[in-house]
Amino acid sequence: MEIDKRIVLDKVFTAIIVMLAILALTPLIWIVSSVVINGVKAIVKAGIDILFKPPTSPLSQSLGGVGPALLGTLILMALTTAIGMPIAFFTAVLATEYPHTILAKAVNIVIRTLLEIPTVLIGMFVYSLVVVPMGRFSAIAGAIALAIVLLPYTYTYIESALSSIPREYREAAFSIGLTRIRALMKVFVGIARRGILAGMLIGLAKACGETAPLLFTIGGSTRVYFTGIDQPIDAIPLLIYRYALTPYENYHALSWAAALILISIYLPIFVIAKVLIREVEM
Amino acid sequence: MSRMSREDRMLFYSLLPFASIVIAIFITLFISLVENSIPVLIREGINFIVSSEWRAVEQDPKSEFYGILSPLIGTLITSIIALVIALPLSISLALFMLEYAPNSIRFVLSNLIEVMAGLPTVIYGLWGLFILAPLLRDYVMYPLYRYLWLIPLFSAEPVTPTTLFTASVVLAIMIVPFMTRLIVEAYRAIPVKYKEAALALGFTKLEYCKTMLSLARPAIIAAALLGWGRAAGETVAVCMTIGNSFSLTLSLFKPGYTISSLIANQFPNAEFYHYMYSALYGAAFILLLIGLVVNSIAMILLVRWRELIHGDR
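Here the protein sequences line up with chains U and H, keeping their order.
Going by our numbering, the residue at position 240 of the first sequence is 240; the numbering climbs one at a time, nothing skipped.
Going by our numbering, the residue at position 186 of the second sequence is 468; the numbering climbs one at a time, nothing skipped.
Looking at chain U on its own, in the form it has when it is part of the complex (with noise of 0.2 Å):
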């Protein structure tokens, strides 16, 4: 009796178990597959010009396009990538070969506090530091935004990547009497290569999505195209919360567009990092 209790119980378990994980999976497949097709059908329904034109006008039949945004959001990575990933790897640099240094401590548990700080937060200070001494919304305000969203995964996989040379290593490269700079160029960022690129990778897949740094600092029209890093510039990410809360269609249908966007983007910058991280580990 005894053990057919324990065996009932397991069945009910692992029902249980099943149900909840599919009851877990569905929202995800659904928001994926939504995308796709409700991002398709506008695609399709717009051609080519989705990438290119401007949106059209709110009732208009055709839908134009999220160029300006699209556009927008590639300058913005670039411009974050150029902010960014110098800070990022430099700091990982210092943390690794120095680490018993205050400085390294203190960058330790500042990128930790980094990491958690709600993004919106981060939109603030960037729009007290630098929109308002400039007297406008700006690239540049967005990307530093997005730059400091982007350091704290940067730095720490750059770290994790260069603090996991084996000691052997380490120690090879300064015994035959390379200096510290030349082993760090010559061997060890060879050697950290695949996890330093991963970093860089995943901050930018994390960089290229984030709405919240953006509300108050590019400030874009979606109509205009880029003018200059000093002035205002649009997004996909924002395109997307902007258009999905006003009342119109054709706006609603440019916003899966743009989700659509958005994921292609994203993804395979991500796949990528993965990739290279999952060899690292093999």
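Keep in mind that a hint or two might mislead.
[Said to hold, decoys possible] Between beta-carbon pairs, the in silico distance windows are: (1) U:Leu267 with H:Lys477: 31 to 39 Å; (2) U:Thr246 with H:Arg291: 38 to 46 Å; (3) U:Pro166 with H:Phe312: 54 to 62 Å; (4) H:Ile324 with U:His100: 51 to 59 Å; (5) H:Ala306 with U:Met19: 49 to 57 Å; (6) U:Ala15 with H:Ile433: 54 to 62 Å; (7) U:Tyr225 with H:Ala306: 31 to 39 Å; (8) H:Lys492 with U:Val36: 35 to 43 Å; (9) H:Glu289 with U:Ala172: 17 to 25 Å; (10) U:Gln231 with H:Ile328: 38 to 46 Å; (11) U:Arg167 with H:Phe312: 30 to 38 Å; (12) H:Arg586 with U:Leu115: 18 to 26 Å; (13) U:Tyr225 with H:Lys492: 53 to 61 Å; (14) H:Leu430 with U:Gly135: 52 to 60 Å.
It should be emphasised that the hints constitute simulated quantities derived from the structure, not laboratory data.
Computed from a prediction, not measured in an experiment: that's the story for all the values here.
Yeah, the Cβ is synthetic: ideal placement off N, Cα and C, and Gly gets one too.
Using the hints provided, position chain H relative to the given structure of chain U.
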């Protein structure tokens, strides 16, 4: 520092500016939060968090008053409900992946979960707004309201599809992949000897999983706290699904605010008022403090757990 060679020191000094920027950003961020919060905190004191009155008056700073009780409660309610929904789902999904799914499915699932954990949250919001919200209103909120309206939580008619409840469900869905990943990680960190011991005793799956989960309990609590922190700090997915309005109510079926959605909606107008800017900074500061406390508890739990579980190796 003096023990370093000349070249070592040169490298250190050339890296110094970058690390200093990181520290400087952090300090400035903190200072700007505190500095900007001070006016409203001095002016309103404790009323800032225990009042739900939000009076924004143009041209007349004297009659302005900002109490963030309602968004504060909105943040707590939505994130706690999200956690209550997401925790059993995440644990089940993690167990399913680790103990039940065949290898090929496990590979697909773990990649799907990774991707979804990093997916831009605006996409969760978009889906929540257009697909989930109407369904929730028709098939969950209305039935609950109709039959259980005596319970205060369900006492309001769900007039709009975007409510505190909708936002909670969207947040739950959003943190499931994040928490599942953390739980899977913790589960994998349990040393093999415990797993072997459990199997050697002839445990059924249920007994085995129960043992493993209780071994990983502190890590699971930490995962829950981190997931909660995500939910409490999320902005756009909430803005799109919560309805954005001030209402101090126990009912989940009304539109509401969280602190971050309040900031997202009101910050652009703040310059027209004298104290609103400061009020929003104050709200942000409180949100950050709560988040940091919870996250620190989670981190301490994790560190202790790792020491405990690997300590006797």
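Verification of the hints:
In this structure the hint that Leu267 (chain U) and Lys477 (chain H) lie 31 to 39 Å apart at CB holds, the actual value being about 34 Å. Here the CB-CB span from Thr246 (chain U) to Arg291 (chain H) is close to 58 Å, at odds with the stated 38 to 46 Å. Between Pro166 (chain U) and Phe312 (chain H) the Cβ separation comes to about 38 Å, which falls outside the hinted range of 54 to 62 Å. The beta-carbon spacing between Ile324 (chain H) and His100 (chain U), approximately 42 Å, falls outside the hinted interval of 51 to 59 Å.
A beta carbon spacing of about 51 Å between Ala306 (chain H) and Met19 (chain U) agrees with the range 49 to 57 Å that was offered as a hint. As the Cβ distance of Ala15 (chain U) to Ile433 (chain H) is approximately 29 Å, the hint placing it in 54 to 62 Å is violated. Our hint of 31 to 39 Å for Tyr225 (chain U) and Ala306 (chain H) holds, since their Cβ atoms are close to 34 Å apart. Under the hint 35 to 43 Å, the C-beta atoms of Lys492 (chain H) and Val36 (chain U), about 39 Å apart, fit the expected range.
Judged by the Cβ atoms, the range 17 to 25 Å given for Glu289 (chain H) and Ala172 (chain U) holds: they are separated by roughly 18 Å. At roughly 44 Å, the beta carbons of Gln231 (chain U) and Ile328 (chain H) sit within the given window of 38 to 46 Å. For Arg167 (chain U) and Phe312 (chain H), the Cβ-Cβ distance of about 37 Å falls inside the hinted range of 30 to 38 Å, so the restraint holds. Checked against the given bound of 18 to 26 Å, the beta carbons of Arg586 (chain H) and Leu115 (chain U), roughly 20 Å apart, stay inside it.
A hinted range of 53 to 61 Å for the beta carbons of Tyr225 (chain U) and Lys492 (chain H) is consistent with their spacing of about 59 Å. Look at Leu430 (chain H) against Gly135 (chain U): about 54 Å separates their beta carbons, and that is inside 52 to 60 Å.
Consistency with the previously given hints fails for numbers 2, 3, 4, 6, ordered from lowest to highest.
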